[in-house]
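Undergrad: Line order of the protein sequences matches chains A and B. Okay, so the first sequence: first residue is 1 according to this note's numbering, each after it adds one. Okay, so the second sequence: first residue is 1001 according to this note's numbering, each after it adds one.
Just so you know, the hints here were simulated from the structure itself, not pulled from any lab data. Please read these numbers as outputs of a predicted model, since none were measured by experiment. Backbone N, C-alpha and C define an ideal beta-carbon position, used for all residues, glycine too. Treat the hints with caution; some may be incorrect.
[Said to hold, decoys possible] To give a feel for the contact side, a few chain B residues facing chain A, derived at Cβ under 10 Å:
no., residue
1, G1246
2, P1247
3, R1285
4, W1294
5, Q1357
6, I1369
7, K1372
8, A1373
Protein chains: 2
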Amino acid sequence: MTQLSTFSRRQFLAGVGASALTLPSLTDAFGNPLPTAQPGRKLGIALVGLGSYSKNQLAPALQQTKNCRLAGIVTGTPAKAEEWMKKYDIPKANVYDYKTFDRIADNKDIDVVYVVLPNSMHREYVVRAAQAGKHVICEKPMAIMPQECQEMIDACKKANKQLAVGYRLHYEPFTQEAMRLGQQKVFGPIKFVESSDGFRIGDPGQWRMKKALAGGGPLMDVGIYAVQGARYVTGEEPISVTAQFGPKTEPQKFKDVEETLFWQFQFPSGAVSNSTTSYTAGVERLYASCQDGWFELSPAFGYGPLKGRTSKGPIEKPIVNHQAMHMDGVCEVLLQNKTLPDHITGAEGMRDVKLLQAIYQAAETGRKIDLKA
Amino acid sequence: MTQLSTFSRRQFLAGVGASALTLPSLTDAFGNPLPTAQPGRKLGIALVGLGSYSKNQLAPALQQTKNCRLAGIVTGTPAKAEEWMKKYDIPKANVYDYKTFDRIADNKDIDVVYVVLPNSMHREYVVRAAQAGKHVICEKPMAIMPQECQEMIDACKKANKQLAVGYRLHYEPFTQEAMRLGQQKVFGPIKFVESSDGFRIGDPGQWRMKKALAGGGPLMDVGIYAVQGARYVTGEEPISVTAQFGPKTEPQKFKDVEETLFWQFQFPSGAVSNSTTSYTAGVERLYASCQDGWFELSPAFGYGPLKGRTSKGPIEKPIVNHQAMHMDGVCEVLLQNKTLPDHITGAEGMRDVKLLQAIYQAAETGRKIDLKA
Chain A
1 MTQLSTFSRR QFLAGVGASA LTLPSLTDAF GNPLPTAQPG RKLGIALVGL GSYSKNQLAP
61 ALQQTKNCRL AGIVTGTPAK AEEWMKKYDI PKANVYDYKT FDRIADNKDI DVVYVVLPNS
121 MHREYVVRAA QAGKHVICEK PMAIMPQECQ EMIDACKKAN KQLAVGYRLH YEPFTQEAMR
181 LGQQKVFGPI KFVESSDGFR IGDPGQWRMK KALAGGGPLM DVGIYAVQGA RYVTGEEPIS
241 VTAQFGPKTE PQKFKDVEET LFWQFQFPSG AVSNSTTSYT AGVERLYASC QDGWFELSPA
301 FGYGPLKGRT SKGPIEKPIV NHQAMHMDGV CEVLLQNKTL PDHITGAEGM RDVKLLQAIY
361 QAAETGRKID LKA
Chain B
1001 MTQLSTFSRR QFLAGVGASA LTLPSLTDAF GNPLPTAQPG RKLGIALVGL GSYSKNQLAP
1061 ALQQTKNCRL AGIVTGTPAK AEEWMKKYDI PKANVYDYKT FDRIADNKDI DVVYVVLPNS
1121 MHREYVVRAA QAGKHVICEK PMAIMPQECQ EMIDACKKAN KQLAVGYRLH YEPFTQEAMR
1181 LGQQKVFGPI KFVESSDGFR IGDPGQWRMK KALAGGGPLM DVGIYAVQGA RYVTGEEPIS
1241 VTAQFGPKTE PQKFKDVEET LFWQFQFPSG AVSNSTTSYT AGVERLYASC QDGWFELSPA
1301 FGYGPLKGRT SKGPIEKPIV NHQAMHMDGV CEVLLQNKTL PDHITGAEGM RDVKLLQAIY
1361 QAAETGRKID LKA
């Protein structure tokens, strides 16, 4: 399959699991090996928020990681705490709720706090984690508004701790190959990118459908992947954006957030992109049309396996566990006391959040928004 | 290959030719057999304009047709006349130039005039062909402005002759299957269509780059296929459109026509579409996301072979010569003195021309254009 089918994408992905995937040596997008950490030492990660992504992706991935392990949990639900302690052999001392969370400062088992809460809560828990003296990984979107991102960056800087965003695809081999093909102009300069991500959402009661918690609809949730895709294949920052809302075909279900959204970026080189995100329609593809050929990932943004091809033939790359690669990659750098690469940090998270807000502004005003300022 | 590569699409297509393709029995989009004409009688077709489409597609296709044959030519270039007479054994009496064209009225060998001229000349030659008492096939786009289309329709009606537009894909099996999958809701109602067609144009001196002759850029030439695609998979007429011009990255080359154009349709059912056309970037795909699955043609609009797949697996259909199927299909109906199906007539051509002009209006004004009026 090359497009995620409709029904519930999350249901589908939940079934994929993280079992038995190999972890190749870590390399950057251009195939250079990343430095290796001292063997044996694993950073302790505490997951904040035990929703489906923690349960079905991160916890299983942490059973495969070399540089980190699942050391603690933060949850408001005692029954979940019991279940996770048993399943993952987590000592009671490493289990927190949202009131006791700040005591994590005294816990030597926890090196990294991974914030997996609804978007509107990212700022608060990233700031509190930094103040507790922990490195932080924050799920995407980093926050709802750019100002929140700035506060998060500042808090980590002040605490002398590093802040990563959950950009797992930067560690995914098909994605790395797409970055290389685009940024190194293997098929000549990119002229046009079609980058879209949408799925048919299930439970209308979930937090993703509430603007106060999610900050928006599919754009905040999966549209951000389409934004990232256009940016990382071109290696450029957009200079303008236009955008259009689709109709609300289920007004009651979508009373709070958009159902479908289209946007178009222009890049400094003259490359353009056209994107769609939706909670009503399944679509998942990253296509780059270059002067002398093309390349495509489809699926491009889900938890895998991804699939890719070019005008010269299929892209052959190992199938990996995205979340394990990402957390191992981040923790490898932390273990070496080196600085995280810019493209997975809060600075990158903030770039995306600014673009998400510019897309909404363009759609709401019907005007082309200048992004050069 | 599933996307037309860059360089020149026309160069590529010129090499494909029309040789040795089988012609299956004619059926409509829903697989019903079309009535069979009396054996032996072939309508005589005269091609008006001997450019690359006549030379590389239509004339070779007419060597394979059952219901029609290449009987005459109309050209302003004596050397071309000589070459074609020799190559296709055309008697001198069936060769016209643009001054002598109207004398075709007296030529019993010619039943159908196929207008393959630049877009701005379609109106005049369709009207003159009708006045000469011939049935007419007109290449797409039918004309530049809707008013021209109306004059063409009226002229044919007055002459009691039929008018078809060169919508070859309505006779192409992969396209017919996509129509069936969408219109019969085989995967449930369509939610979203991505329908795009663009290529990297070669010779900047050709008529397609001149607004006075072409009426516009890639939208008039290949974007019309993307418009058709969204319409024939949904089986609906759009109720509104937004559109955006891409930048002119080669201002001298594109001083007269647009380089890239995006547009979004909304349909009465709530389905939406997002489209791109370009003379700078290669892209060719028709993707429909439905409630319970998806289907895709890619390539979707070129001269073939097309390729298709669905959420349940590949689409398997015979590879045919589009032009031969189209001309045979039109001539079969004419031989039976029946009425051409609406979706290949001037009425359909005029619907597309209205939409092309609405797309330009939306892009020029930056406003959503209401199409319900």
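Undergrad: All hints are to be evaluated individually against the structure, with a verdict given for each.
TA: Status of the hints after comparison with the structure:
For G1246/B, the interface hint holds, since its Cβ comes within 10 Å of a Cβ in chain A; the closest pair sits about 5 Å apart. This hint holds: P1247/B has a C-beta 6 Å from the nearest C-beta of chain A, less than the 10 Å allowed. Hint on R1285/B holds. Least Cβ distance to chain A is approximately 8 Å, under the 10 Å limit. A hinted interface residue such as W1294/B counts as satisfied when its beta carbon comes closer than 10 Å to some beta carbon of chain A; here the least separation is about 5 Å, so the hint holds.
Proximity of Q1357/B to chain A is violated relative to the hint, the smallest CB-CB distance being about 19 Å (cut-off 10 Å). For I1369/B, the interface hint is violated, since its Cβ never comes within 10 Å of a Cβ in chain A; the closest pair sits about 12 Å apart. Nearest Cβ of chain A to the Cβ of K1372/B: about 13 Å, over the 10 Å cut. The hint is violated. For A1373/B, the shortest C-beta to C-beta distance to chain A is roughly 18 Å, which exceeds 10 Å, and the interface hint is violated.
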